[in-house]
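Taken in sequence, the protein lines are chains D and F. Sequential numbering of the first sequence, starting at 1, is according to my numbering. Sequential numbering of the second sequence, starting at 1, is according to my numbering.
Don't take each hint at face value.
Claimed, not checked - When the alpha-carbon atoms are kept at most 25 Å apart in a straight line, the in silico DSS-like pairs for lysine-lysine are as follows:
no.: 1; chain 1: F; residue 1: LYS313; chain 2: D; residue 2: LYS239
no.: 2; chain 1: D; residue 1: LYS414; chain 2: D; residue 2: LYS228
no.: 3; chain 1: D; residue 1: LYS46; chain 2: D; residue 2: LYS20
no.: 4; chain 1: D; residue 1: LYS111; chain 2: D; residue 2: LYS177
no.: 5; chain 1: D; residue 1: LYS228; chain 2: F; residue 2: LYS164
no.: 6; chain 1: D; residue 1: LYS233; chain 2: F; residue 2: LYS164
no.: 7; chain 1: D; residue 1: LYS414; chain 2: F; residue 2: LYS313
no.: 8; chain 1: D; residue 1: LYS11; chain 2: F; residue 2: LYS164
no.: 9; chain 1: D; residue 1: LYS126; chain 2: D; residue 2: LYS177
no.: 10; chain 1: D; residue 1: LYS414; chain 2: F; residue 2: LYS309
no.: 11; chain 1: F; residue 1: LYS70; chain 2: D; residue 2: LYS11
Worth flagging that the hints you see were computed from the coordinates, not collected in a lab.
Here is how the chains run, residue by residue.
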Amino acid sequence: MIKRSFIGLLKPQFECGSIKDTPSLKQIPTSKEITLLSNCPFDKKKLLFKKKAPVKTGQKLLLYKESDEYIVSSVTGQVSSISSYIGDFGQSYTAIAIEVADEEEMDDEFKSAAGGSQNATLETVKNYLAFAPGNPPVKLFTDKDKPINTIVVCCADSDLLITTNQYIVQSDIDAIKNGISILKTATGINDIIMVASQSQMHEVSATGEKVNQVNDTYPSALPPLIMKDMLGKVVPAGKNPEDIGVCFISAEAVASIGNAFNSGQIPVTKILTLVKKDGSKSLVSARIGTPASDIFKAFNITLSENDRIIFGGPMTGSCVYSEDHPVQPDTDAIIVQDKDDIPVISDYPCTNCGDCIRVCPANIQINLLVRFLETGQYQEAADQYDLYSCIECGLCSYVCVSGMPIFQYIRVAKYELDRANTAEATNG
Amino acid sequence: MVDNNRFIVSHAPFWHDGSRISTRNYNIALAALPAILLGIIYYGMPAVGVVSLSISSAIIWEFAFCRITKCSVTIGDGSAAIIGMIFGMLLPATAPWWLIIIGTFVAIIIGKQIYGGIGANPFNPVVVAIAIVMISWRDVFDFNEALMNYDFDFAMVYPLAALKHFGVSAVDSFSMGDLLMGKQSGGIGSTFGLGLIAGGIYLIVRGIIRWEISLSFLAGIFITALIFNLNDSARYAGPAIHLFTGYTLIGAFFLATEDSSSPVNFIPMLIYGASAGLLTVLIRNIGVYVDGVIFAILIMNLVNPLLDKIHPKAIGRVA
């Protein structure tokens, strides 16, 4: 954890660590049972497959009737349980556990459907690659209401400590190149912008695409800041980049697309950074769905009561309740924090010191905003105090002298307003 | 999924820079120490008594208020101690005990707690308290009279009072070095200019107070005093006298910079500081009060919320 420096006159500067030489990648052996999470709520009646259904590696499994949600099995075996899982902010998932068989069998449905990179169609990408490592945002490409005209390929990692994209750029630039050409053919979008940090410029330039250099300091690589600084387009408060025709895709997702068409197999292994209690980092390659406990076992990490397991980066990730929580296509890091390293959150009021104001990349008057959020006046916060301008970098909470959970207040406010608006819209 | 261990599940970010309100306040106390120490060296045990009583009674008032209102006791954050300490620094060494206790009551209860405690006070609690006791018991703050019985190797005169009553010629005898070394009459911790400046620089470097406020306050005083002086040097003293006497330096580094009652944006901080400096000299030169720092800061505390309306536009804001 980076602490405040003695000289506190300057803003905290976070260098996103760059990996020098390609680090060794530790392969996690396939687990006995894996779990895949799909974004749609569990609905037993509409399920298209049952327990004990056999699955092959790389097989696409449509989940429900009248829905095109699917998952891609990362192992060969049989479905051992299908259940509901509730994540952050009440988001419901369907959890499909698969018991792994001894013999691995590859599924060839994608191979016959794809037929090689020259014939890549958007339909194939959409129908098979939404669950690939890096979560390619395939739905955005096919949304008729929000046409996309620019694709930003993010080669830098968005949060601290994460090195997934950097690793892929170093080790698999050909797959990225291939992925980009597939994206171009499939979507018909030729305006591709690569965003890379300084240390990646050399490799990324080799793709022949337009490359923009992003600052090494956090949070420069967050989409709203890339939009503002690189593309010169400011995302209006409350909107997403795709609303103004820009789609962000990670280098890993592009590489997944490239590899999928190259090999005829949907990629099923996820590359992630494991940060141990002592802060040391290791790159891990694990099947999607591998429980975190198997990764811990491979690294001899023992967890004790009141430790913390974080999926994602230290600024924007989320905690999990169980060490068996599975690796998902978008899990870029797993961080283990010792109970003694967990900073205290307090209910102290804002003292108006202004540290958050100086650190906020979105120029929000956080000292005023937080007073409204604390008392639950979310609509006022949104109307007058720029709640929706927040780009969710988490720096305000990081520097808060009072130890207020400002970032969480903001997320709760957005969530509550969203809920209220949805209810209003539904009820007319 | 059966787990033996229960984990902490909380929200992002999972890092914190480790700053604390208590650390900030103890650093302010540390920065104030040199000025107090010199006061103690000059005035001896009475000064120790005043400062100690001020700190302890402030803490006791805060403790009592928290108990009576059944809130969690907040004396650990050091805020009450700081209020007591700075209040004590502004008093003459001869301040009577009852005045100190009344003063800290005003500071803690009326200045801070009735608004909701730390972070909610519209005025700097110390400034509110000192303004009230200063108006109520003027004699105590007549430093010349109050410190009459002290005999030092320097002119035991309160420069601002001399300036007000006898004109510029009365303060000609003060050399810059003497003023900076605290060789003047005044509050226990408000005369040692060098110590206050050192403490202020320490706080600025540590990021606890903002240089924008301190510097613009001093600049405001300097420029306004200079304009007066250039206009009529026989009636109005030069900027140096204004900068190093009275509550100017303690005001610049310890009073005007209080978090809750000062702005947080860049331009508002400059306006806030400069206006407080301007008002200070206006009150000193053409007002009835000897020193204007207290009232200038009070008035600017009042304007602070308005000033903070000047801020950069949030990204993506449409209106």
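Checked hints:
Distance hint between LYS313/F and LYS239/D is fulfilled; the C-alpha atoms sit about 17 Å from each other, no more than 25 Å. With a C-alpha separation of about 22 Å, the suggested pairing of LYS414/D with LYS228/D holds against the 25 Å cut-off. Restraint check for LYS46/D and LYS20/D: the C-alpha separation of about 49 Å exceeds 25 Å, so the hint is violated. Proximity of LYS111/D to LYS177/D is assessed by CA-CA distance (about 20 Å); at most 25 Å being required, the pair is judged to hold.
Only pairs whose Cα atoms come within 25 Å are accepted, and LYS228/D paired with LYS164/F is rejected, the gap being roughly 57 Å. Note on LYS233/D and LYS164/F: the hinted pairing is violated, with a Cα-Cα distance of about 60 Å set against a maximum of 25 Å. Taking the CA atoms of LYS414/D and LYS313/F, the gap is near 20 Å; set against the 25 Å cutoff, the hint holds. The straight-line distance between the Cα atoms of LYS11/D and LYS164/F is roughly 44 Å, outside the 25 Å bound, and the hint therefore fails.
Among the hinted pairs, LYS126/D with LYS177/D is consistent with the structure: their alpha-carbon atoms are about 19 Å apart, no more than 25 Å. Only pairs whose Cα atoms come within 25 Å are accepted, and LYS414/D paired with LYS309/F is accepted, the gap being roughly 24 Å. Our distance criterion of 25 Å between C-alpha atoms is broken by LYS70/F and LYS11/D, whose separation comes to about 38 Å.
In summary, the numbered hints that this structure violates are 3, 5, 6, 8 and 11.
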